[in-house]
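Chains as they are written, first to last, in the numbering used here: chain A, 1 to 211; chain B, 1 to 211.
What the hints contain is simulated information worked out from the structure, not anything from laboratory work.
A few of these clues could be false.
Using 25 angstroms as the maximum straight-line C-alpha spacing, the simulated SDA-like pairs for lysine to any residue come out as follows [stated by the list, open to error]: (1) B:Lys21 x A:Arg30; (2) A:Lys103 x A:Ser152; (3) A:Lys21 x B:Lys21; (4) A:Lys21 x B:Thr27; (5) B:Lys21 x A:Ala132.
Restraint-style ranges between C-beta atoms, simulated for each label pair [what the hints assert, rightly or not]: (6) A:Gln12 x B:Glu154: 47 to 55 angstroms; (7) A:Gly136 x B:Ala171: 16 to 24 angstroms; (8) A:Ala127 x B:Gln12: 21 to 29 angstroms; (9) A:Arg44 x B:Lys21: 44 to 52 angstroms; (10) B:Val143 x A:Ala171: 49 to 57 angstroms.
C-beta atoms are modelled at their ideal positions from N, C-alpha and C, and glycine is treated no differently.
There are 2 protein chains.
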Amino acid sequence: MILSGELPAGAQLAEEALAEKCGVSRTPVREALRRLESDLLVTRTDTQRSFVADWSIDDVADAFELRAMLEGKAARRAAERMTDQALERMCVANRQIGAAVRKGVPDVVGFLEGNRDFHAIILEVAASRRLAALLGTLIEQPVVWRTAHHYSHEALRRSHGEHEELIAAFARRDGAWAEAIMTGHILRAYHAYADAHRGLAEQGVIREAAE
Amino acid sequence: MILSGELPAGAQLAEEALAEKCGVSRTPVREALRRLESDLLVTRTDTQRSFVADWSIDDVADAFELRAMLEGKAARRAAERMTDQALERMCVANRQIGAAVRKGVPDVVGFLEGNRDFHAIILEVAASRRLAALLGTLIEQPVVWRTAHHYSHEALRRSHGEHEELIAAFARRDGAWAEAIMTGHILRAYHAYADAHRGLAEQGVIREAAE
DNA sequence: TGGGATCGTATTGTATACAAATATGGAAGG
DNA sequence: CCTTCCATATTTGTATACAATACGATCCCA
Chain A
1 MILSGELPAG
11 AQLAEEALAE
21 KCGVSRTPVR
31 EALRRLESDL
41 LVTRTDTQRS
51 FVADWSIDDV
61 ADAFELRAML
71 EGKAARRAAE
81 RMTDQALERM
91 CVANRQIGAA
101 VRKGVPDVVG
111 FLEGNRDFHA
121 IILEVAASRR
131 LAALLGTLIE
141 QPVVWRTAHH
151 YSHEALRRSH
161 GEHEELIAAF
171 ARRDGAWAEA
181 IMTGHILRAY
191 HAYADAHRGL
201 AEQGVIREAA
211 E
Chain B
1 MILSGELPAG
11 AQLAEEALAE
21 KCGVSRTPVR
31 EALRRLESDL
41 LVTRTDTQRS
51 FVADWSIDDV
61 ADAFELRAML
71 EGKAARRAAE
81 RMTDQALERM
91 CVANRQIGAA
101 VRKGVPDVVG
111 FLEGNRDFHA
121 IILEVAASRR
131 LAALLGTLIE
141 QPVVWRTAHH
151 YSHEALRRSH
161 GEHEELIAAF
171 ARRDGAWAEA
181 IMTGHILRAY
191 HAYADAHRGL
201 AEQGVIREAA
211 E
């Protein structure tokens, strides 16, 4: 509801009201609120009331910057620990991405699936539970979904190419190379997001908090 | 209870049992378990049962490595945004640390207070809610407390000196310098921890999970 | 003896009731 | 017209009951 805009930034989230709206009791609503709070999608006042957090474009930039650093780190660790078997799985995932972007009209769902698998394998090979936990709070899949449809065909193709290069870095077990590519890959995705966001804002699709 | 060793690694954490032990109902226990889980102090099976996580020395190394990176990043951001007023507050905190380590027998409590304030100010000036949230899950104050008493007087003095150097970097608004010092500062703390841990293990104070 | 079904027990998920804390609106006073 | 205070209405915190699920031991049958 937050991500769809049904609940605008700043809206109060009263447990009772949400419970009734969702047809459940307050207990599961409370748990959900706590998780959303830890993901910074919800903020709480000093007196324990919950409100929809105000995700300005600066917050998104902040999140992407941290994600670039952490995924870069993950790529470095993965390169140092890469197995031939995992490498093969990454190739499979990127072939799916390649197939999705080569179509006349990009298959965004296929792209996202392949993309998710690709990054999940890296995180798995990186073998750091904490790193995985930190990245988990940073990557809001619904955000990715909502915006991926607005990425240009060109941007999707480039993404596929960067994955190719990552595979090359992994094949050579070159951690520094993998980290550099990954960091750039995420930051490019950020700018694609920012461009798409600006475009949507101009079309009036996104309501900014300032309005 | 986990950190004191009262609950050994691998012990099952049944809500009812904990509730009775703590004299509260299951509801607050559930919330606590969820938070401990997000901090990786507790793990859950695929069928939702909770157990004390197994924090091997590798996990601690992992956490420190990530913390070094993130606090380094925070120091860089803080240097770029530093105000004279915040700088003054950091000096105050480090004077407390200085006073604590200059005593014949180090005042560990005073040291920890000053240390906490010092790092909190940096995080505040860094002005990234997400970075603060990520670091929050990484810095288990009880872990710091439990081990700080075993740090050598020499290590505490050196820590004070590194804070001095951080202040110098902040005074010059030199982000790269601040990041470098901070990263080294945390990694040094890790090795002090690892040394102390080894010493404790030899004395039999710490029971390893392997036993 | 080994593998698998089954039933009792243990544990978690959810709903609901009530207590405590907090916010709100209006009346009184300056 | 603004502030202060209080009564009332919201909202959250906790306890408890019951339902759903998972575990483990036992029994049964090759």
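Satisfaction of hint between Arg30 (chain A) and Lys21 (chain B), Cα-Cα up to 25 angstroms: 24 angstroms, holds
Between the beta carbons of Arg44 (chain A) and Lys21 (chain B), is the distance compatible with 44 to 52 angstroms? 28 angstroms, violated
Lys103 (chain A) and Ser152 (chain A): Cα distance at most 25 angstroms? Measuring from Cα to Cα gives roughly 13 angstroms; hence the hint holds.
Assessment of proposed distance window 49 to 57 angstroms (beta carbons of Val143 (chain B), Ala171 (chain A)): Violated, since Val143 (chain B) and Ala171 (chain A) (Cβ atoms, about 39 angstroms apart) do not stay within the stated range.
Straight-line alpha-carbon gap Lys21 (chain A) to Thr27 (chain B), limit 25 angstroms: 22 angstroms, holds
Would you say the C-beta atoms of Gln12 (chain A) and Glu154 (chain B) sit inside 47 to 55 angstroms of each other? Distance hint for Gln12 (chain A), Glu154 (chain B) holds at roughly 53 angstroms.
Is 16 to 24 angstroms a correct range for the gap between the Cβ atoms of Gly136 (chain A) and Ala171 (chain B)? 37 angstroms Cβ-Cβ, so the 16 to 24 angstroms window is violated.
Hint consistency between Lys21 (chain B) and Ala132 (chain A) [alpha-carbon to alpha-carbon, up to 25 angstroms]: Judged against 25 angstroms, a Cα distance of about 33 angstroms means the pair is violated.
CA of Lys21 (chain A) to CA of Lys21 (chain B), is that 25 angstroms or under? 36 angstroms, violated
Look at the Cβ atoms of Ala127 (chain A) and Gln12 (chain B) and judge whether their distance stays inside 21 to 29 angstroms. 26 angstroms, holds
Violated hints, listed in ascending order, are 3, 5, 7, 9 and 10; each of the other numbered hints is respected by the structure.
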